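A.B. asks: Just need the whole structure built from these sequences, with the hints factored in.
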Amino acid sequence: MTEKVLFANMGVPNSWEIDVYESRGGYQALAKTLREYSPADVIEVVKKSGLRGRGGAGFPAGMKWSFIPKDPGVQKYLACNCDESEPGTFKDRQLVEYDPHQLIEGIVIASYATGVSKAFIYIRGEFAFGARRLEKAIAQAYERGYLGQSILGSDFSLDLVLHRGAGAYICGEETALLESLEGNRPSPRSRPPFPAVVGLYGKPTVINNVETLSNVPHIINRGAEWFASIGVPPRNTGTKIFSLSGRVNRPGNYELPLGVTIRQLIEEHGGGVVGGRAVKAIIPGGTSAPMLGADKLDLPLDFDSVAQAGSMLGSGAVIVMDETVCIPHAVLRMVEFYVNESCGKCTPCREGTLWLRKILERIVHGAGREEDIPLLLDICDNITGGKTLCPLGDAATGSVTSGIRLFRGEFEHHIRHGCCPTDSLAMKH
Amino acid sequence: MGWLSPEAVAEVAEELELEPNALQQLVTFYEMFHDHHVGRYVLGVCSSLSCYLGGSDGLLEHLQKRLGIARNETTPDGLFTLHTVECLGACDRAPAMMVNEEYYERLTLEEVDRLLEELREKARRDVETRGLGGAETGAPLPKAEGWDEGSPSQHKDGTL
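Residue numbers (my numbering), protein chains in the order written: chain A, 7 to 435; chain B, 92 to 251.
Simulated from the structure, these hints should not be mistaken for lab results.
Here the structure is a predicted model, which is why all the values come from computation and not from measurement.
Accuracy of the hints is not assured; some may be wrong.
Claimed, not checked - A few chain B residues that don't get close to chain A, going by computed Cβ distances all over 10 Å:
no.: 1; residue: 101
no.: 2; residue: 166
no.: 3; residue: 180
no.: 4; residue: 184
no.: 5; residue: 205
no.: 6; residue: 213
Stated by the list, open to error - If you anchor each label on the Cβ, the simulated ranges turn out as follows:
no.: 7; chain 1: A; residue 1: 391; chain 2: B; residue 2: 205; range: 46 to 52 Å
no.: 8; chain 1: A; residue 1: 196; chain 2: B; residue 2: 126; range: 45 to 51 Å
no.: 9; chain 1: A; residue 1: 393; chain 2: B; residue 2: 218; range: 53 to 59 Å
no.: 10; chain 1: A; residue 1: 65; chain 2: B; residue 2: 219; range: 53 to 59 Å
no.: 11; chain 1: A; residue 1: 315; chain 2: B; residue 2: 162; range: 33 to 39 Å
For every residue, glycine included, the Cβ atom is placed at its ideal position computed from N, Cα and C.
C.D. replies: As structure tokens, this is what we get:
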């Protein structure tokens, strides 16, 4: 078994309580930071560790922090993205429910590094239980002097505010998240300027995912070299929490070094495919990531390898579809999500996703036309490639283009015979 | 209760010195706000891919039959509104359903029936005790409260 870092406290009774967290070495990294490191030192350590953003884009965290202006006279903010809504992803939920102090410690260190005096956690409204745990943890951290004025007797002060969303996938997109925090209709902003320069209330803003920030105390405690030795150095370092779901025997969150193969994840950790059936397709990073076929089972799950294979690691949500799953049906289900969650600001995304759904519906319901496959691809082409303000439009097309590329025969069968080629829908009770 | 009428929106807008439309567009944008009457219990069946692969269509069909309503409808007694929702982040415990702000996961049809009964009973008691609520009875339902890494069994440690 590989060592757990982020999940080291899982299974420990009352792991979410500050006493338990402290007894297991919690908040030592913060004390060390304030005692030994300048803000620039912290950024340097995180850069050296190779930590890349765990929210989906995989951007180097230390570099992101270094874009924040150094001018001490300018108000700066940090926003922790806990809007976890990418279909298939449930890792941040476990991190905030079971180790909220690990996240808070990461937020305080990141805020110190970037000169932030006010931080926010944006948690999706559905995570009511996690929000209650966080609320209590934040109050405990204030009581013990890890938040508030003059933290641990230093001249660094930070306020942390928990903000609950109200149900909208788009709020996980960083600029929509800022709009939502400001109380506006959450539509993405146009970039540049980037949030590091003009962010929340027009001020420089650091935006990091829960898992990214939760890694920070460990990097401070154990050093950049230790972190950089895990995974596939130098560009894919550390462990990653893989949310495994779909047709596997033991779905769940698994913390493993970056670079574990899809086969290892499914077979060694997920207990194999339900019923011992064969894998038909895998989604490696949430439904925004294009599907991969069974020939990619030995692909290492790291940012670069998955990108080279034509998909993306995204949030690390691995969804497994077995041989009984009908791909056109599954693609329709994925597209429906983006139709509902498109914010409506950009026409190609708003209209394009509607058309994708309409055409996919007629294909799976036996009214498809021969020209529908090229038509779907044409619509995808007209959504993607920088025609929208945010990646939601591109994300909506991933399952369609990969589905047609890998399983074109299934779409053609639906169109020609009006029925499923797969012995599927065994998924009903 | 549980929804935002135009009057309520107008009142809040006045308080905040905003145009009612600035608030109304938020009410209609976010899934968890309702701009129409909803039942005492809003059932949100997750319909995203992982739950679909885990049988959410069967769960939805069953609820429609049991409650005698279609999606987005409310039972005549005002107890239940049936919605589908997008990914709840409970993908390892499909199929999942949200009841108001509470998650129920890895639901069997038999458990759903018991859950409906429990909610009906709770509503009856609440009415009798003028909304003061009461203790839940019956066998425990798979309410989301715990988490073991990669384990299909849940530990019940829902304390805060």
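A.B. asks: Indicate, hint by hint, whether the structure satisfies it.
C.D. replies: Against the structure, the hints come out as follows:
In this structure residue 101/B is separated from chain A by more than 10 Å, as the shortest Cβ-Cβ distance comes to about 17 Å. Remark: the non-interface label on residue 166/B is consistent with the geometry, its nearest Cβ contact in chain A lying 22 Å away (cut-off 10 Å). In this structure residue 180/B is not separated from chain A by more than 10 Å, as the shortest Cβ-Cβ distance comes to only about 4 Å. With a cut of 10 Å on Cβ distances, residue 184/B falls inside the contact zone with chain A, its closest approach being about 8 Å.
Separation of residue 205/B from chain A is adequate, the least Cβ-Cβ distance of about 15 Å exceeding the 10 Å criterion. Remark: the non-interface label on residue 213/B is consistent with the geometry, its nearest Cβ contact in chain A lying 18 Å away (cut-off 10 Å). Against the hinted window of 46 to 52 Å, the Cβ-Cβ separation of residue 391/A and residue 205/B comes to about 51 Å, which satisfies the hint. For residue 196/A and residue 126/B, the hinted distance range of 45 to 51 Å is not satisfied, since their beta carbons lie about 29 Å from each other.
For the hinted restraint 53 to 59 Å between residue 393/A and residue 218/B, the CB-CB distance of approximately 54 Å keeps it satisfied. Distance hint check: the CB atoms of residue 65/A and residue 219/B are about 57 Å apart, consistent with the given range 53 to 59 Å. A C-beta distance of roughly 37 Å is found between residue 315/A and residue 162/B, which places it inside the suggested range of 33 to 39 Å.
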